[in-house]
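Chains as they are written, first to last, in the numbering used here: chain E, 1 to 306; chain Z, 1 to 306; chain U, 1 to 306; chain B, 1 to 306; chain W, 1 to 306; chain V, 1 to 306.
Watch out, some of these pointers could steer you wrong.
Note: identical chains are not told apart, hence a pair may lie in one copy or across any two.
[As the list claims (entries may be wrong)] In the DSS-like style, the derived pairs of lysine-lysine whose C-alpha atoms are separated by at most 27 Å in a straight line are:
#1 285 with 48
#2 6 with 87
#3 86 with 75
#4 143 with 33
#5 285 with 6
#6 6 with 252
#7 48 with 274
#8 48 with 83
#9 87 with 286
#10 286 with 75
#11 83 with 274
Note that these hints are calculated values from the structure, not bench results.
There are 6 protein chains.
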Amino acid sequence: MSAEEKQEYMDQIMVRAQTLIEALPYIRDFNNKKVLVKYGGSAMLDRKLEESVIKDVALLKLVGMKPIIVHGGGKEINRWIDKVGKKSEFVEGFRVTDRDTMEIAEMVLNRVNKNLVQMVENLGVKAVGISGKDGGMLHVDKKMPDGKDIGFVGDIREVNPQLLDTLLENDFIPIIAPIGLGDDGETYNINADDAACAIAAAISAEKLAFLTDVEGVYRDPDDKNSLISVLDMDEAEELISQGTVQGGMLPKVNNCMEAVRAGVGRVHILDGRKEHCLLLEFFTKKGIGTAIISKENGWYENELED
Amino acid sequence: MSAEEKQEYMDQIMVRAQTLIEALPYIRDFNNKKVLVKYGGSAMLDRKLEESVIKDVALLKLVGMKPIIVHGGGKEINRWIDKVGKKSEFVEGFRVTDRDTMEIAEMVLNRVNKNLVQMVENLGVKAVGISGKDGGMLHVDKKMPDGKDIGFVGDIREVNPQLLDTLLENDFIPIIAPIGLGDDGETYNINADDAACAIAAAISAEKLAFLTDVEGVYRDPDDKNSLISVLDMDEAEELISQGTVQGGMLPKVNNCMEAVRAGVGRVHILDGRKEHCLLLEFFTKKGIGTAIISKENGWYENELED
Amino acid sequence: MSAEEKQEYMDQIMVRAQTLIEALPYIRDFNNKKVLVKYGGSAMLDRKLEESVIKDVALLKLVGMKPIIVHGGGKEINRWIDKVGKKSEFVEGFRVTDRDTMEIAEMVLNRVNKNLVQMVENLGVKAVGISGKDGGMLHVDKKMPDGKDIGFVGDIREVNPQLLDTLLENDFIPIIAPIGLGDDGETYNINADDAACAIAAAISAEKLAFLTDVEGVYRDPDDKNSLISVLDMDEAEELISQGTVQGGMLPKVNNCMEAVRAGVGRVHILDGRKEHCLLLEFFTKKGIGTAIISKENGWYENELED
Amino acid sequence: MSAEEKQEYMDQIMVRAQTLIEALPYIRDFNNKKVLVKYGGSAMLDRKLEESVIKDVALLKLVGMKPIIVHGGGKEINRWIDKVGKKSEFVEGFRVTDRDTMEIAEMVLNRVNKNLVQMVENLGVKAVGISGKDGGMLHVDKKMPDGKDIGFVGDIREVNPQLLDTLLENDFIPIIAPIGLGDDGETYNINADDAACAIAAAISAEKLAFLTDVEGVYRDPDDKNSLISVLDMDEAEELISQGTVQGGMLPKVNNCMEAVRAGVGRVHILDGRKEHCLLLEFFTKKGIGTAIISKENGWYENELED
Amino acid sequence: MSAEEKQEYMDQIMVRAQTLIEALPYIRDFNNKKVLVKYGGSAMLDRKLEESVIKDVALLKLVGMKPIIVHGGGKEINRWIDKVGKKSEFVEGFRVTDRDTMEIAEMVLNRVNKNLVQMVENLGVKAVGISGKDGGMLHVDKKMPDGKDIGFVGDIREVNPQLLDTLLENDFIPIIAPIGLGDDGETYNINADDAACAIAAAISAEKLAFLTDVEGVYRDPDDKNSLISVLDMDEAEELISQGTVQGGMLPKVNNCMEAVRAGVGRVHILDGRKEHCLLLEFFTKKGIGTAIISKENGWYENELED
Amino acid sequence: MSAEEKQEYMDQIMVRAQTLIEALPYIRDFNNKKVLVKYGGSAMLDRKLEESVIKDVALLKLVGMKPIIVHGGGKEINRWIDKVGKKSEFVEGFRVTDRDTMEIAEMVLNRVNKNLVQMVENLGVKAVGISGKDGGMLHVDKKMPDGKDIGFVGDIREVNPQLLDTLLENDFIPIIAPIGLGDDGETYNINADDAACAIAAAISAEKLAFLTDVEGVYRDPDDKNSLISVLDMDEAEELISQGTVQGGMLPKVNNCMEAVRAGVGRVHILDGRKEHCLLLEFFTKKGIGTAIISKENGWYENELED
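This is chain E alone, in the form it adopts within the complex:
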């Protein structure tokens, strides 16, 4: 190496050291905190994005947090239903999940599940793939929209966190497929967002991050520069009543608000299409998405202004 090359190398790695040092307060504050990542939909379609999510989660684990992944099936489930030539029936706008559909859904979810495990393990970090059937973790009631039977779809009645606690205490990353058991001993499908909320509440997670295909919540939906970094519950309700939060955004924000009410410290809406979105949100002051918080849960005074 010439003297210049050497200097260049030193400059490069010095930037690296500085970056690590800047992460220090975040690493310190999140030490041992449970962080649940809901991962599905668009963010799942792209292998490179998938790797970036998995690396982020592995890093969160290595710097002392306790991450958990709840995943959906992406578009794979529908693709398989089509593949086997199955026709879906709809009731009250819900697709009916008959026994065959449930079987396909479970196989696809298990496959996604073990793929994620494999990606984490290949980074040298320990992960365990489970569904809500394992350890009797998720018990469901049959979902009956307007009293109509839509098959093996369940609403979570009870979360038994014993297996989850065991895995977290022994330094495994739990990766969870949203499947549960009914009182009839049958397998039920669960909406992955609902599963993430219920589990985050049951284990008093510090953070719940939804990897979505939007950037976050805008103060003015037409102005891409009006993204809200930190949104207080009161303001969120105001935005809803004003009609600013509407359309596809409405159920997402409602879901987040419910999780905050159930005791989750802070719920993040992130753009899962951005590489390393978890690190960018958690390890920078401003973040890249929208964090929904409650004043009761102890956020910092000056955060709303920043």
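Since chain E is already given, all that's left is putting chains Z, U, B, W and V on it; use the hints.
Same frame as chain E, now just chains Z, U, B, W and V:
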């Protein structure tokens, strides 16, 4: 109830109490012992038999043992390969497991796995379904019979029992699909008998029971009354060299002997087609199959004669 | 063995397996629960009955419960008092326990105590014989019926469960002689039923079983077919106010009700003259005696009807 | 109080403080060490002496040691045998212990046992009275001197220290009656000195103290001023071969030497007729009896000279 | 030794044994209790007194208590300030602690701290010297008397007892210099009496002993025979309102009362100029100083009269 | 923010995320490993450098390592000795450390010690400052070069790691001043490099890093481009015997080699004058200094070539 009916009821339940009392020495001696059950093949085809195996395993857990199930895929894997119209190639007598075949095998095994979990959970006992990928439990080398590539088939190089220990200590029944990770980060299929042997040895299991479709080992294969209850390693070798143990029985017995050599206390060949074969073998003096033992592993003096 | 003999053997042991499987839900539900057995009186006189009680208790331990025995002295104490030619004095209907009588009582109780320990140990199960003096477990006030001094007879003022907890956690069966310490540093005799109630309440036992010489509580004392399997506290009070429960049964039922009020899950009146009465009561749906329960303590909805 | 009285009071309590301070190095060095006290014979006959022994043991516990008492039956056993008019038979110089004798012996030993427990408890210190039957602690072979049957007398074959460890870890003082179980399930009497040695060796006691009715070992038996404070194993053997140690002293010294060989740190022969002999031996440099030590067990260089 | 010399020796060591036995109830009652000793001022000036305090503390540790020392700097700090020729400024009667003064104070306090550690270690007992900066134990607000800046002097806002708990659980004696950290990241001096009170309250100490240069509280300040052994909170307030407690005694008593209110079991004012004052107060019934107690904190009925 | 500004912000924080991800394998491999940093000399003189070292150490802690600091006194000790006008005497080239000098050295070292604690605590990370006197950690023999007395200078005879283990297990960073206790109860000064080696060996540290004022070891001392990244023990000996390593470098390299021989995994010579030298060495493949390793201690095959 008439006086006679009452007497009859009392007689019946008295038999029950006597039976429980007779089980006392077995329950006492196996307390806290690890018992690995290899379950697959014929015993898996019949729902009633499946339930009987699962109930036996649940009971072993409840009376204080630490059971573990390693399962195969039964004939389901082949059925699915045929279903999707896949043609299998053979090399050196081994079916080549290409990426598509491996994907099907993994989906089927995961499905069997979660079904078994569900059956145990429905009895009110805690189970967790994992594969050798979870917690990095099974690391494999690519199998190369006579140097030929037969695809994603692995030989176990290392068992990392950390996840297994965690689950056993926290009172879950681990149910294991025989799938492992290669150094190339790929998923590999493992022979279920081999997986059972390797895991039993790695956790120093007290017992390893193979649920097969034979009754056990005969002293004279033509005489169904010559079943051997307890077979010492020396005698086993003699039966092999004499040619008494041969054909399909030979690899089974060799497998058992290898497990005994690797430190497993006692290896049982049971007829998985018999209901409650596990209880019948473990909780009666004579048993119903063949137990292969080593004098070094501390069997009781007078057992060979009984 | 001929083919028929073999079949017969198989049939026999299959019944055995079925019985064990039927016990599964009971074993599951009582896992790790504390069960206190009050043992004395008639059930103690017969060596065969004594062995049946001890085997039952050992089995309860082996299938995962935490049994404790509180015993009386049977008729041995009186026999010894007569033997040494001691004349008893009576005050207010209570036999006066002077220092000599107390000494004899303690010797007899200790002898019974160590005999029970020996019987359990001979089954290969660990037991420890203690009295309320050990570890300062039972502290008493001098009993003064109508202000009269009847000697070294005590009412329990305080149960210190530390020694009991230590033994239970370390998998010993505690066997307890009902003797306590007074504030004067003297040894006091305690009624064994009272000791059982006080200890069961202090350790929040799930079950307290009195082995008596009656079958249980009858709805109609003249009709042997009117035995009540499960008796709610409200109904019990009704039976008392109606005069149905009366005579020698009255204090027994009152004792049971007091234990239920003190937080014991369920109190059983069993006929200790029946072999394996503990297993018959605990491991069958209908049971053989009377269980006194409180709706507040969480019994199952449909039990009263069965 | 006058000024003089006050001064006198201060002087008195200052002496007290000085004494406590002088005990500091002994308390420090024996912290958490197991100390087994064999107590029986003459030291047991006198209530005042008994109280002094119990207070010493309680204090050893309170200042951080882990004391254990093994006791004999004093002369009580013989007194009771005479009382019930039983004639003893002798074989090879050993009294034959038939079933009746064993029963009396056990009752007397249990009574002594619970009395000692009571005395410790009355000082506010926790004690638990057990025999070798409890927790299966002492397993014996039938003693057959010259092949002759002398009844229920046993030699310890195995000490199972599990119960003892449990009690010590939970801060109870174990008080042990020297009774054991035979393979025939019967109760056997054990020589208390032998029991003390076997138990001290099994738990690797730091100290074993025999409370006897001699002052210790003399260099010249005729010179009361020649008491040996610290006796090395080599010198002990010399004294025996010289015939200096002889008569009743010989088996005592042999017993001590055996305990040292079995790994006990230091074995003390003390005069149990002296009040507070345990404190006087353990908490003063010179002590009052004879300590038998082995150079291998790490005594201090300069002790032999002092 | 002649017979008389021997007798004399025996008499002497018997007194010693008696003294130890008399300490038994105190040792028993204070077992595992946290005892905080505030040590400073006059008691620190004399090497012999210092050794007596350290020996007392070491003994308290050895007999099972959990002592903690909080020390001041004695007159050393002023001596060093003079030595370096520094002139002190005063504001509102408080000496201004500028950065230089704080540096000197910290150096002197650390020196005193490590000297005390060394003295304890030289007795073979484990001690660890820390200040309130270590483990972030003491966080302070800047003290502003009447709004005036007096430099680096702090009032304790928060005690983080984690380091203290860690040391106590692992059997070290913590020795604490009264220095804390401000929110500005600077080092602040803390009044040692205040530090002792705050720490004693934070760890729920059983006892807090101030080693002062007075004998205690007098009922009549002019009558040296009117020293109060045990002073109830109510009576203390009365003595203050009567003007009996006044002058330099007033802030001392107020400090003690505050500690009692904050949950410390009992606060002792002792004359640190008396050798072994801690043992004399703790291990005798009457004690030598004044113990301030609250009826709510559970003192014994008859103590006020004695 | 304009679109460009936004893009720029995103680019910047993306670099940050990438950097964190690149650190993943290092963080993973060093998890829970003990890393001892010897810090002193030039690296101590500059406040900015000091902060960079402290931030590095805090980060190592936060990402899961167990760092320990052993520090020297920099040039402060000499400065203070001069300040108080003390003349130093020299014997055999060693400065004589008389009692006054030792006192000054201890005060300076304690001051440095508490300053470092304060800097770590101000980052929100827990640190505890101790010397080898605390918990009796460092016991020394008096150093006698050629039999000459040079005062209170010690060579470590024994490291008692109990306090260190306690602090590490409870997540404190221990910061250690190199001072020990002699058998005479006196305080002794210890060479900081020697203390670091002895402590690293006693706790089986994975890494020992010396922050020096050289860049590392050169293959050719005249060629600044010949810095050796990883130096095997064999090659190190060769460089010494060739005379390549000489002068001031010789004792440094010898010290490192001794530590490797004593079981430390890998010893680093780093240039403490470079900011973030610890992160640069530990979290980059090539590092910035020289790591001395032994093939026996399990370095990676291909490291020597890189």
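Tested hints:
no.: 1; hint: 285 with 48; verdict: both (26 Å within a copy, 24 Å between copies)
no.: 2; hint: 6 with 87; verdict: neither (65 Å within a copy, 46 Å between copies)
no.: 3; hint: 86 with 75; verdict: both (15 Å within a copy, 24 Å between copies)
no.: 4; hint: 143 with 33; verdict: neither (33 Å within a copy, 35 Å between copies)
no.: 5; hint: 285 with 6; verdict: between (33 Å within a copy, 15 Å between copies)
no.: 6; hint: 6 with 252; verdict: between (50 Å within a copy, 25 Å between copies)
no.: 7; hint: 48 with 274; verdict: within (10 Å within a copy, 36 Å between copies)
no.: 8; hint: 48 with 83; verdict: within (25 Å within a copy, 32 Å between copies)
no.: 9; hint: 87 with 286; verdict: neither (47 Å within a copy, 50 Å between copies)
no.: 10; hint: 286 with 75; verdict: neither (32 Å within a copy, 43 Å between copies)
no.: 11; hint: 83 with 274; verdict: neither (30 Å within a copy, 39 Å between copies)
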